[in-house]
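Trainee: Going line by line, the protein sequences match chains A and B. First residue of the first sequence: 1, per my numbering; consecutive thereafter. First residue of the second sequence: 1001, per my numbering; consecutive thereafter.
Any given hint might turn out to be false.
What the hints assert, rightly or not - Residues from chain A shown here face chain B by an in silico Cβ test under 7 Å; the list is partial: (1) E27; (2) V169; (3) Y209.
Said to hold, decoys possible - The following label-pair restraints were derived from C-beta to C-beta distances: (4) R1176/B / P134/A: 33 to 43 Å; (5) A306/A / T1209/B: 21 to 31 Å; (6) R23/A / T1188/B: 22 to 32 Å; (7) Q314/A / Q1226/B: 33 to 43 Å.
Simulated from the structure, these hints should not be mistaken for laboratory data. From a predicted model like this one, the values you see are computed outputs, not experimental measurements. By construction, the Cβ of each residue, glycine as well, lies at the ideal position given by its N, Cα and C atoms.
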Amino acid sequence: MADYTLRVRRFDPQTTRGPYWERFELELEPHRSVLEAVLDVRDRVDGSLGIRCSCRAAICGSCGVRVNGRPALACNTRLRDAAAGGLHPDGRTVVVEPMGNMPVLKDLIVDMDAVHWKKIHRVTPWLLNRRPVPEREYLVPHDDMADVTQTMACIQCGACVSDCLSMEVDPEFVGPAAAAKAYRFVGDPRDAEQPARLRDLAEDPHGIYDCTHCFNCIDACPKGVAPMSQIMRLRRISGSDHHIVDRNNGERHEEAFATLVHDYGLLHEAELLPRSYGGNSWFGKFHPSAGMELVESLPAIARAVARGKVKPAQALRGHRLAKRDLDAVRKVYDVVEGRARRSELNLYLSGVEEEAPAP
Amino acid sequence: MRVAYWPGCVSRGFTPELHGSMEAVAPLLGIELVPLDRAACCGAGVLAEHNQELADTLNARTFALAQQVDGAELMMNICSTCQGAQSECQERLDANAAYRAQVNATLAESDPGLSYEKGLTNKNLLWLLVEEIGLEALRAKVRRPLTNLRVGPFYGCYIVRPRRLLGIDAERPRDRYLHQVIEALGGTVIDYAGTYKCCGFPIVTMNKTASLKQAGTHLGDAMDAQADCLVVPCPLCHLNLDLQQPLAAKVVGRPLAMPVLHLPQLLGLALGLEPKQLALGKHVVKPSAVIDWSTAVVGAPAAA
């Protein structure tokens, strides 16, 4: 047995008292979970302490909370680890809070319906069959199905939604869990509506191009779903395979980036911006939407020039690799983009075959 | 120490003061920079989104060029985004021999004689400072302690997440290094909400309001915490936090005046260089105008 201090952020909707912190002392074996600690407090000290839980075995997804500021399943987090890696130097304090980005109903219970489930519903989370529906089962190549198993591992705990930094500033963002669910069907060879699903998510101003690529959802997920990687897959298939040119500049930005690295070897920022708005060619900057963006950016550009940060002639010319290296870069493009099928290595599926050294 | 130096694109493009201040501060740190001027853009995650193998092959080419630099102990970058994007590519290359062979076959076609061997060490300047130079040695090099300078660390996503990929653990708390470096230079670390958040830059062309709301919120939080300045190891964060700061102020509806320093600039100040040598006047929010240097940084540098 060991002594622990549980600091819990609490909220009681009936008293309309704002959130407050409460400290509980308890004694439990170090291998016990944070959930067991919360339940111990509820049984022994305060029966009103609210937490959602069911399976206690990291498969039902009910007990998502924040432990020491990071999203986690309470049942899947040992007291020993939480206390040692905690925010308090005493090595015995564990801080437990409700998840973020969702309204708190009571104590550690958040309103999953208002945010998480609503977003899941938004992506049509069921199979839309190819026709004709076979009399018996669909026959699907193993490899095609393996590709979506990563997203099928999702247990809908909401940990990724809790810490999504795009959702923090744009509550309408479809979010990591729903986007991963969308890929589960976009990547399913039995689904008939891949183009419609992609167009829907690409054209939505709060869809796949609203992800700010912060990796929080990858670290948050207790099941290795890597929602952000699924969002990147959705973008890749949407732009490269279906050529969906969306109203959010997502496809144009990606195409312009790839073209400019091909043409210059390095990133040509002054060309990337207008092309992201106006289209992927030198003429992109003359497109009305590029012009509007230019007008909006003029004060920033003027300041950068006035400060001597950017020299106009140099910025417009861009930097470029020497010819020999540029030829090599273009050769790489030719070989890789010339393949009949895009090759993609997913370490979730393939695993790491040898011990990889740290970067 | 001699390093294969990857400055990245933006440090030579829209934030030239970053590359310039790195070159100025390197000799003071005993770092010999051998620039990888034949290498291509890391792709910043966008190329990998477009075609994973393309990004992996271009970065394998960079790694192979780094491995050819005589006497270089490792490869060093000065951009969180380069670090993250390259670490992601390297993880795949190092994890699978067949995939590595496929990538190397492409390199053999594009640059005969060039080949990536598994196991390159690629470190951001921040990691190199703490792990190779050491905080004690860094402290000994300080000639003008940043006394009373209240600095907010802003890491940038790519250098703190995913934790496992970047090798962040109890033994190598790389998510605390910026805090440790600020303290070693004599500054005061400011605790504010934005330290590990996203600057918003990746979506600035896709959802400008959401993007600048992120930048503006973190800058405002730092002001509320009474920081004198932020320090970033990533030029892309710098673009959204500094260049776009006036626009971000409009989006969040509050005046903002928060100088944002590149990591080599903060180092240079403490190691005795003058603000002008570090191009501090080239920022949109001039640190020289906002910080009271007479109280924040004590006088002229001490004699060596």
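Trainee: Next step is simple, just say for each hint if it's right about the structure.
Mentor: Results for each hint:
no.	hint	verdict
1	E27	violated (25 Å)
2	V169	holds (4 Å)
3	Y209	holds (4 Å)
4	R1176/B / P134/A: 33 to 43 Å	violated (57 Å)
5	A306/A / T1209/B: 21 to 31 Å	holds (26 Å)
6	R23/A / T1188/B: 22 to 32 Å	holds (29 Å)
7	Q314/A / Q1226/B: 33 to 43 Å	holds (38 Å)
Hints 1, 4, counting from the list given before, are not met by this structure.
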